[in-house]
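Order-wise, the sequence lines are chains A and B. So for the first sequence, our numbering puts the first residue at 376; every next one is plus one. So for the second sequence, our numbering puts the first residue at 36; every next one is plus one.
Please note that a few of the clues may not be correct.
Unchecked claim - Here are the computed lysine-lysine pairs in the DSBU-like style, where the Cα-Cα straight-line distance is at most 30 Å:
hint : chain 1 : residue 1 : chain 2 : residue 2
1    : A       : 419       : B       : 106
2    : B       : 93        : A       : 392
3    : A       : 427       : B       : 103
4    : B       : 93        : A       : 427
5    : B       : 57        : A       : 413
6    : A       : 392       : B       : 106
7    : B       : 103       : A       : 392
8    : A       : 427       : B       : 106
9    : B       : 57        : A       : 427
10   : B       : 77        : A       : 392
11   : A       : 413       : B       : 106
12   : A       : 392       : B       : 92
13   : A       : 427       : B       : 92
These aren't lab readings, by the way, just hints derived from the structure by calculation. Note that the structure is a prediction, hence the values are computed from the model and not measured.
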Amino acid sequence: DAMVIQNPRYQVTQFGKPVTLSCSQTLNHNVMYWYQQKSSQAPKLLFHYYDKDFNNEADTPDNFQSRRPNTSFCFLDIRSPGLGDAAMYLCATSDPTRQLYNEQFFGPGTRLTVL
Amino acid sequence: GENVEQHPSTLSVQEGDSAVIKCTYSDSASNYFPWYKQELGKRPQLIIDIRSNVGEKKDQRIAVTLNKTAKHFSLHITETQPEDSAVYFCAASKRYSSASKIIFGSGTRLSIRP
């Protein structure tokens, strides 16, 4: 089945220790998004890629970076995780070239714990 | 920028009764309004969506209505069941030239009382 996959599902890191979260998709969608979701809050968009074009949200901290080496994979790098970065990180995809409407497909998420 | 407001933040209904969640949006160019259900620790799951060219859509016990003039849209769940307990997010989106963003409401925690 075509899907969005995130690895790992659970990640524990230490304060200040860099961590990378991974997302892959078999949908061949050209847009990939990274969201941060904290408890009881709506998902907050960090950035997205339209093909190789990177679009950062204005309020995304510099501590968060992303890479998209090819259509299928996208990575979220947190350079120096703080306690406040503990959250669920959601990857999503969409393809506005095929869809008139912006339906997004979410991965299962990675739950990040910072010790 | 685009803003989506959602009410109420929490809702408790008796099993079998109906639940209604309401949202308003600010950008008149929005043309797509999805609703997501999120259970604890899981991904947001699209349960229904409505597009700007229709005023109402129904799928079994779930219905959505859209009033473009007033920029309101609502989720209606009838004959509620315990498994309907979750957090529900409304959202709005418009199509950009390069990529679209979804603007989420703040969420409604729905509890179904047995």
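Would you check the hint for residue 392(A) and residue 106(B), treating anything up to 30 Å between C-alpha atoms as holding?
violated (45 Å)
Restraint check for residue 392(A) with residue 92(B), where alpha carbons must lie at most 30 Å apart:
violated (48 Å)
Holds or violated: residue 427(A) with residue 92(B), Cα cutoff 30 Å?
violated (36 Å)
Would you check the hint for residue 413(A) and residue 106(B), treating anything up to 30 Å between C-alpha atoms as holding?
With Cα atoms ~28 Å apart, residue 413(A) and residue 106(B) stay inside 30 Å; holds.
Are the Cα atoms of residue 57(B) and residue 427(A) separated by 30 Å or less?
violated (37 Å)
Does residue 427(A) lie within 30 Å of residue 93(B) when you go C-alpha to C-alpha?
violated (38 Å)
Would the hint linking residue 419(A) and residue 106(B) be met if the CA-CA limit is 30 Å?
The given pair, whose Cα atoms are some 22 Å apart, holds under the 30 Å limit.
Are residue 57(B) and residue 413(A) close enough, with their CA atoms no more than 30 Å apart?
At roughly 22 Å apart (the allowed maximum being 30 Å), residue 413(A) and residue 57(B) satisfy the hint.
Can the restraint linking residue 427(A) and residue 106(B) be considered satisfied, given a maximum Cα separation of 30 Å?
violated (34 Å)
Does the alpha-carbon distance linking residue 93(B) and residue 392(A) stay inside the 30 Å limit?
violated (48 Å)
Within a Cα-Cα threshold of 30 Å, do residue 103(B) and residue 392(A) meet the stated pairing?
Answer violated: residue 103(B) to residue 392(A) is near 48 Å, above 30 Å.
Taking 30 Å as the top limit, are the C-alpha atoms of residue 427(A) and residue 103(B) close enough?
Status violated; Cα separation ~35 Å.
Going through the hint list in order, the structure does not satisfy hints 2, 3, 4, 6, 7, 8, 9, 12, 13.
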